[in-house]
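*Asks:* Here's the letter readout for the chains.
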Amino acid sequence: MPAVTETREAVEKLAKSSYEWGFETDIEMDIAPKGLNEDTVRLISERKREPAWMLEWRLKAFRSWLEMKEPDWAKLKHPPIDYQDAHYFAQPKKKPGPKSLDEVDPELLRTYAKLGIPLHEQALLAGVEPAEGERLPVAVDAVFDSVSVATTFRKTLEEAGVIFCPISDAIREHPDLVKQYLGSVVPVADNFFAALNSAVFTDGSFVYVPKGVRCPMELSTYFRINARNTGQFERTLIIVEERASVSYLEGCTAPQRDENQLHAAVVELIAMDDASIKYSTVQNWYPGDDEGRGGIYNFVTKRGICRGARSKISWTQVETGSAITWKYPSCVLAGEGSIGEFYSVAVTNNHQQADTGTKMIHLAPNTRSTIIAKTISAGHSDSTYRGLVRMQPKARNARNFTQCDSLLIGDQCGAHTVPYIESRNMTARVEHEATTSKISEDQLFYCRSRGLSQEDAVGLIVNGFCREVLKELPMEFAVEAQKLLQISLEGSVG
Amino acid sequence: MSDFLNICGLQARIDADGTPKDILKGIDLDIPRGEVHAIMGPNGSGKSTLSYVLSGREDYEVTGGSATFKGQDLLALDPEERAALGVFLAFQSPVELPGVNNANFLRTAVNAVRRARGEDELDAISFLKTVRAETKHLSMSDEMLKRAVNVGFSGGEKKRNEVLQMRLLQPSLAILDETDSGLDIDALRIVAEGVNSLRSPDFSALVITHHQRLLDYIVPDRVHVMAKGRIIHSGGPEVAKILEKQGYTQFLEAAA
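Top to bottom, those sequences are chains U and P. Mapping of the first sequence onto the UniProt record's numbering: position 413 corresponds to residue 413, and the numbering continues sequentially without gaps. Mapping of the second sequence onto the UniProt record's numbering: position 206 corresponds to residue 206, and the numbering continues sequentially without gaps.
Heads up, a few of these hints could be off.
[Claimed, not checked] Covered by chain P, per the in silico footprint, the following chain U stretches (three or more residues, Cβ under 8 Å): (1) 49-60; (2) 262-274.
[Stated by the list, open to error] From chain U, some residues computed to sit far from chain P (all C-beta separations above 12 Å): (3) D203; (4) E218; (5) N397; (6) S440; (7) D442.
For the record, the hints were derived by calculation from the structure and aren't laboratory data. Heads up, the beta-carbon is just placed ideally off N, CA and C, and yes, glycines get one too.
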């Protein structure tokens, strides 16, 4: 098809529905009143045109949630959250967005520029809105780009037999798969925040990779473009059949602002025999101002199960944002010889708090897990690595290797490592290494005497510290993540 | 007095567990363009402190005197500004940077300095070409470029890496802080050749050393004897020979 025709078609489509390929709810939809009760849950299910079983599932989750208490074991401090003081459906209409990049906070643009984000994507990320009745060239370009690219992607995926769609679509179009797997890894009553998510989730993705299919592309590329306005309660379900594989990236290196302070996502991964799932996250939610006011609270439940023999699940995360992070991407190693991996960089600055880590549950023989956690604390922030390695009685010859390294910048911050090790099998082997270090004056002076600025020196040293984790990220994101780390720590030294 | 490096009555102290300790007690030193000067002196005489103060380490507080370089007040500049101006310090104990790829570090440094000097940055390919030629010259393996900066390097490798950086950054004033310590004779020769190869009417060096041996390879124009934070004697290359034979005693007594 000539490019011109394709362009015209794409533009026409665009005119009809800007959100056709996005994961966003209809902006014109009405708003549920504040508060959370059974009616709220029913309203969500109804507006999403969900089948009855889904509503029952949500209600079950909601009833469990009512009985549960917010967990208090994490090393986090925040004022009590009033769950009744929030809208749970169709987020309140946003204040009018900026009309052009000229109206966007220059500080935000400075950060985008440093990350090397193209101008048209900057407009998207900053939420620039086209004026009434006309389209700003910059915004049109950007939207057009993402629509056309997304269309190409969708076609490629369809040809491979991969299902990749919003979770709400999957509930209607692939009910059998959803019914079978939703909540199979993270049950509705798993924990307080997972129960809340199960009751009220509205956004998220669904991925299904059939037997023997290697997903023909990184789902990251798609996401990079569609990363605006991710929901407050996201639900993601990824199922990878025998000998199939997928690499999925969520999040965005650009700072994301959101009017909803509370975020509680659930991600479930299922890997069958010889399947492999690589799940990478770059999280840069608004951390609040220098005093920590107004930042996002991010309570996330992520868990994958290696159901099949020799299957593999690998979590990689770079966490730089949010005022509070509560997050433990975990692997249940149920298939013989299956592999779980967790690579993490968590950066906290100013008054940010992070309590993050992983759980590796070894159920089957010859299972292996690797944990590499890098924690960087600066300013008045506090960061905790919390990790559980459990060897169940049947986990013969299972192995785990854990390495936790903390890097402190300044003398007002804290870093803590809390490993839990439970072994019920004599043949299982668990190794744990931990280090704590500071960026030394010697290192900074050495770099500066070679002509590097203080900030470049910190960036270089921090990236060196995180190298083992960053190399696990898809290439394009690794480069951005490096810059992101440096930006997150600006002004933290000297 | 030259218009190149001019140090006048320089005093500096360091905070030693809460009590300030005076280390430099009035250094006068003038190094004209194109000359190599050596400073020798017993341990604790303040030699390393002088090199740190000149390159801008913040732990030291300058309490008096001045240092100008190419007409600029050197002491008012940040370490990176001094590097851009042409000051290079070869460290006595080069610092390890875990996880930081050596080639990446070198290129970042070279480009930072080039930028500050108003020159074009080197792209990855031309940089690699330059650096390969240099490593060959210094008998360094390319493998050292792939490792983390100074991590797991032997003493000799670290010093070669310093000389490599010096050659890449093309300073007009190199300060070598006991670069010869812990070097075997072959490594010593390579380091000395690295310095000698830069010798030109536009390159000066301040060589700080304990041993006369290094000065057999890098023949200085002037030798200064330093003790207790002061320069107590200056002379030609023959001073090093006298020190080697007779030690510091006669100079110390003469100064007392």
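*Asks:* A separate judgement is required for each hint: does it hold in the structure or not?
*Replies:* Verification of the supplied hints:
no.: 1; hint: 49-60; result: violated (count 0)
no.: 2; hint: 262-274; result: violated (count 0)
no.: 3; hint: D203; result: holds (37 Å)
no.: 4; hint: E218; result: holds (24 Å)
no.: 5; hint: N397; result: holds (32 Å)
no.: 6; hint: S440; result: violated (8 Å)
no.: 7; hint: D442; result: violated (5 Å)
Of the numbered hints listed earlier, those contradicted by the structure are 1, 2, 6, 7.
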